[in-house]
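Work the whole structure out from these sequences, hints included.
Residues per chain, in single letters:
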Amino acid sequence: MTSSEANWDAIVIGGGHNGLVAAATLAKSGRKVLLLEAGKEVGGAARTEEFAPGFRVSSVAHLLNRLHPDVVKTLVLERHGLKIERGDFVPSVALSKDGPLVLHGAYGEALTGASPSEQSAWRDLRAQLLRYAGVLKPFLSRRPPDLAGMSLAEMTGLGQTALALKKLGKEDMRDFLRVLLMNVYDLLDEQLSDDRLKGLLAFDATLGSHLGPRSPTSLLGLYYRLAGEIGGLAGAQIQPKGGMGAVVAAIRSAAEQAGVSIRLASPVAKVVVEKGRAVGVVTQGGEALRAKAVVSAINPATTILDLAGPREVDTGFVRKVKNIRMKGDAAKLHLALDRPPQFAGVDAAGHKGRLVIAPSPDHVEGAFNPSKYGEFSPEPVMEITLPSLVDPSLAPSGACVLSAVVQYAPYALKQGWTAGKPQFLKAIMAQLEAYAPGIGATMRHAELLTPADIEGRYRMPGGHWHHGELQADQMLMSRPVSGWSGYDTPLEGLFLAGAGSHPGGGISGAPGLNAARRIIAIRE
Amino acid sequence: MISPFTNAALYDANMNRHVKIGSARTLAQSHFRTLRLGTPFQPRIDALALTNDWYNWAGYRAPHSLWDEELEYFAIRSQAALFDISPMSKYRIEGPDAEAYLDRVTLRDVTRLKPGRVHYTAWCDDEGFVLDDGTLFRLSPTRFRLCSQERHLPWLLDSAIGYEVSVEEETEAIAGLALQGPTSFAILRDAGFAGIERLRVFDLADFAHDGAAVTISRTGFTGDLGYELFVPADKALSLWDRLMAAGGLRGIRAIGYTALNRARLEAGLIVANADFTTAGHAIRADRLRMPDEIGVGFMVDPNKGHFNGRRPIFEARAKKQLRHVLVGLEIEGNIPAEHATVYCKKSQEVGLVSAAMWSPMAKRNIAIASLQRPYGDRVVDDLWVEIYALRELRYQKLMKRAKVVPRPFIKLDRRTANPPADF
Chain A
1 MTSSEANWDA
11 IVIGGGHNGL
21 VAAATLAKSG
31 RKVLLLEAGK
41 EVGGAARTEE
51 FAPGFRVSSV
61 AHLLNRLHPD
71 VVKTLVLERH
81 GLKIERGDFV
91 PSVALSKDGP
101 LVLHGAYGEA
111 LTGASPSEQS
121 AWRDLRAQLL
131 RYAGVLKPFL
141 SRRPPDLAGM
151 SLAEMTGLGQ
161 TALALKKLGK
171 EDMRDFLRVL
181 LMNVYDLLDE
191 QLSDDRLKGL
201 LAFDATLGSH
211 LGPRSPTSLL
221 GLYYRLAGEI
231 GGLAGAQIQP
241 KGGMGAVVAA
251 IRSAAEQAGV
261 SIRLASPVAK
271 VVVEKGRAVG
281 VVTQGGEALR
291 AKAVVSAINP
301 ATTILDLAGP
311 REVDTGFVRK
321 VKNIRMKGDA
331 AKLHLALDRP
341 PQFAGVDAAG
351 HKGRLVIAPS
361 PDHVEGAFNP
371 SKYGEFSPEP
381 VMEITLPSLV
391 DPSLAPSGAC
401 VLSAVVQYAP
411 YALKQGWTAG
421 KPQFLKAIMA
431 QLEAYAPGIG
441 ATMRHAELLT
451 PADIEGRYRM
461 PGGHWHHGEL
471 QADQMLMSRP
481 VSGWSGYDTP
491 LEGLFLAGAG
501 SHPGGGISGA
511 PGLNAARRII
521 AIRE
Chain B
525 MISPFTNAAL
535 YDANMNRHVK
545 IGSARTLAQS
555 HFRTLRLGTP
565 FQPRIDALAL
575 TNDWYNWAGY
585 RAPHSLWDEE
595 LEYFAIRSQA
605 ALFDISPMSK
615 YRIEGPDAEA
625 YLDRVTLRDV
635 TRLKPGRVHY
645 TAWCDDEGFV
655 LDDGTLFRLS
665 PTRFRLCSQE
675 RHLPWLLDSA
685 IGYEVSVEEE
695 TEAIAGLALQ
705 GPTSFAILRD
715 AGFAGIERLR
725 VFDLADFAHD
735 GAAVTISRTG
745 FTGDLGYELF
755 VPADKALSLW
765 DRLMAAGGLR
775 GIRAIGYTAL
785 NRARLEAGLI
795 VANADFTTAG
805 HAIRADRLRM
815 PDEIGVGFMV
825 DPNKGHFNGR
835 RPIFEARAKK
845 QLRHVLVGLE
855 IEGNIPAEHA
865 TVYCKKSQEV
875 GLVSAAMWSP
885 MAKRNIAIAS
895 LQRPYGDRVV
905 DDLWVEIYAL
915 RELRYQKLMK
925 RAKVVPRPFI
935 KLDRRTANPP
945 ADF
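So the sequence lines, in the order shown, correspond to chains A and B.
The first sequence maps to residues 1 to 524 in my numbering.
The second sequence maps to residues 525 to 947 in my numbering.
Simulated from the structure, these hints should not be mistaken for laboratory data.
Just so it is clear, CB atoms sit at the ideal spot from N, CA and C, and this is done for glycine as well.
Wrong hints could be hidden among the right ones.
[As the list claims (entries may be wrong)] Mimicking DSSO-like on lysine-lysine, the simulated pairs with C-alpha atoms at most 27 angstroms apart in a straight line are:
1. A:K97 / A:K28
2. A:K322 / B:K828
3. B:K828 / A:K275
4. B:K828 / A:K270
5. B:K828 / A:K320
6. B:K870 / B:K843
7. B:K921 / B:K870
8. A:K137 / A:K166
9. A:K327 / A:K426
10. A:K414 / A:K322
11. B:K843 / A:K275
12. B:K638 / B:K828
13. B:K828 / B:K843
14. B:K638 / A:K275
15. A:K426 / A:K97
16. A:K327 / A:K241
17. A:K270 / A:K83
18. A:K275 / B:K921
19. A:K28 / A:K73
20. A:K320 / A:K372
21. A:K137 / A:K83
[Stated by the list, open to error] Covered stretches of chain A, as calculated for chain B (at least 3 residues, CB under 8 angstroms):
22. 280-289
23. 303-311
This is the structure in structure tokens:
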């Protein structure tokens, strides 16, 4: 059977948000697309799930801050129920024993709780961070530069970046290059003095990566965050009504309207390779399906090593794929509470926002240290949301859902997570109790997802939501591996479209969109 | 002269006060005290080494010559020559997936290599550039030995991901000897290796030796009748003695590399990192070579399954992107054109000679050269080599006509005769 007889133009493996975006984009180009999802519902780590009777929560990703505008536009997501309004933006609250500090609007358009001099310093730093992140921003929505064989369009794109750099002006450009690979800790020390603010920024820079604020290149994480935007504003964030599942539902609706066939509970066992070309898949149920293109929106290592198999690709490529670092260092906590907790000194608007326990950069660094040696942080840092305050339907009347991303929780915990999990939960609860006294007594149910749990439940190797550490050596043309960063693989007809590909994870849809655009560009 | 390494305490005190080396550690790190290792045959070779003309072969002390290069060469062609090949990298590859594994790693179709057979092969990196060439011995359906010039353990181990196969370095554990020349068969027979006459070219079999087994294959690097013998290192000396005793009246001689290098050139065989730069060594991007560029394109099998480098190799063929070609040259005159530049029309530089000699067997002035296509490929007329002949401290520059000729430069019927002749 040749590819011209294929039943599908494209089979997308994995119904996470990137898989859905890729499938929808391909279908909109007139292709016949089948999406295979292993689980009982689509959404991957961006689902809304019930974790206790009557309590629902966004499973891993709980804040929307980087859904790419091109994704919103291409899939016309507003027409499928996605609503983003300026009034939905929520603040970030840096919790502290000395009283909280609040970043309002889009990543601290206004800062309250700090001294006038700190506010002024923050205005300058914020503007600078956004300016620099802006230089990197255009990279998000295109293929990373392919230094070997660049097309005219790619060359032009790179030229625009050079121009953007130039437009910064001489001093700013020099400074951009100076700080690019710096650690966030030292940069904050240069410009700020309030430990609460510095702690928050140090936390944001290292969130989701195996880095402490003092680790070289940790500043890149902050740029990645600020290169994202929502509602047209860089650094803004919202708590989606209905949880992240609602965002996925909008993308799913767009995909279905575009004609994507979605099959649930259809895990793929194997990508079928004939003569160096991916020609289809076999499901775990034994069904063989053929397609002109196989688009994998799951983990790149799983795709290559488990589905396609190392025998069909070259040793050097296998070596690179095996070497992708993807051991998660963050846990997810879900609490079912009898009533909304009271974080000391935080107002009602603040409780609807993102509450961050990272009282100082040193504290974040201290929390990171044990994770290097396979131990969890005894005093973990975390970002907390109370989604049921924004959408009461997520909890029974009067009750409250707490959702928190907690660091650091090394995937390969030395003592093992069976023994470590209850201890880690205790350490987390101690932190929560310190900032929201009495919270423990109102707890009806706790669900703590360690990286090991996240790995099992969401098929994310290492429990890493970026599907590969998002650090300098695994970014851009080195993501997922050097030489194969443009969504293609050495297997003709097999494409990678998940967070493991450029630009990386978070609910952006950018890898899925870029991959689909790549496939469309090749075939046209 | 006192070597700084002879006295650790002295070394510590005088040269580096910051490094304190414990005695156990010193012992564990004693490798640096022997900068050139000896092979298991070293006692015998040392005793025969009249010229003390050593070179470094993959970290081993190996002889360029032992007593006389010329006579050693003629031992290959008219008697029997014994050459120590122990420094060759050797890997034991075993398991149910060994065949599939090697089929993916190497260029040739391993499914067609039967147990008890040997083939010459090569392997490439992802970009289709040659990492090395070597010989693959199929010892059983599931057991192989891969021999090569360079070390490849990390590459071979990483290649094993996804295969049920074990890869072990056995370079030190296994000693190797090449016995080459017209009387080599008779010597083995006289040494009591019963059944040796049944070995055809590229056959191998195990024979009893000193309470162990020696694997003998009818292979070699000389283009002559010859055999290669592999034996556990602790049986090396008894094997040497057994051959020497049996070969005394048949002119057996230990030889060094210079003689072998001549024989291999006559046979048209190439040497990694002499006639081409292996991908692992090349620093300059234009020194990398695809199989088609070093004359081993015949190994590339389009009908077999996936193998390392497949995509770029066929892409380069389809897009006609092959830039180099390795050819045999016949050069007028009798001055060896070693490392001479090759010209077209006496003016345009088109390549370099990597090995050259006056061949006593072919009675021709022969060479192996790498040329830039289309020269040597489509354009073969009007080729010249410029030989710098050093004559009493002055170069005499000779522009000699060169003709592309097929390899091997000599073809000896005795190499393939069955049964081998009894000289």
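Evaluation of the provided hints:
| no. | hint | in the structure |
| --- | --- | --- |
| 1 | A:K97 / A:K28 | 52 angstroms, violated |
| 2 | A:K322 / B:K828 | 26 angstroms, holds |
| 3 | B:K828 / A:K275 | 9 angstroms, holds |
| 4 | B:K828 / A:K270 | 21 angstroms, holds |
| 5 | B:K828 / A:K320 | 25 angstroms, holds |
| 6 | B:K870 / B:K843 | 30 angstroms, violated |
| 7 | B:K921 / B:K870 | 12 angstroms, holds |
| 8 | A:K137 / A:K166 | 15 angstroms, holds |
| 9 | A:K327 / A:K426 | 23 angstroms, holds |
| 10 | A:K414 / A:K322 | 22 angstroms, holds |
| 11 | B:K843 / A:K275 | 19 angstroms, holds |
| 12 | B:K638 / B:K828 | 16 angstroms, holds |
| 13 | B:K828 / B:K843 | 21 angstroms, holds |
| 14 | B:K638 / A:K275 | 24 angstroms, holds |
| 15 | A:K426 / A:K97 | 20 angstroms, holds |
| 16 | A:K327 / A:K241 | 31 angstroms, violated |
| 17 | A:K270 / A:K83 | 38 angstroms, violated |
| 18 | A:K275 / B:K921 | 53 angstroms, violated |
| 19 | A:K28 / A:K73 | 12 angstroms, holds |
| 20 | A:K320 / A:K372 | 23 angstroms, holds |
| 21 | A:K137 / A:K83 | 23 angstroms, holds |
| 22 | 280-289 | violated (count 0) |
| 23 | 303-311 | holds (count 4) |
Going down the numbered hints, you'll see the structure goes against 1, 6, 16, 17, 18, 22, while the others check out.
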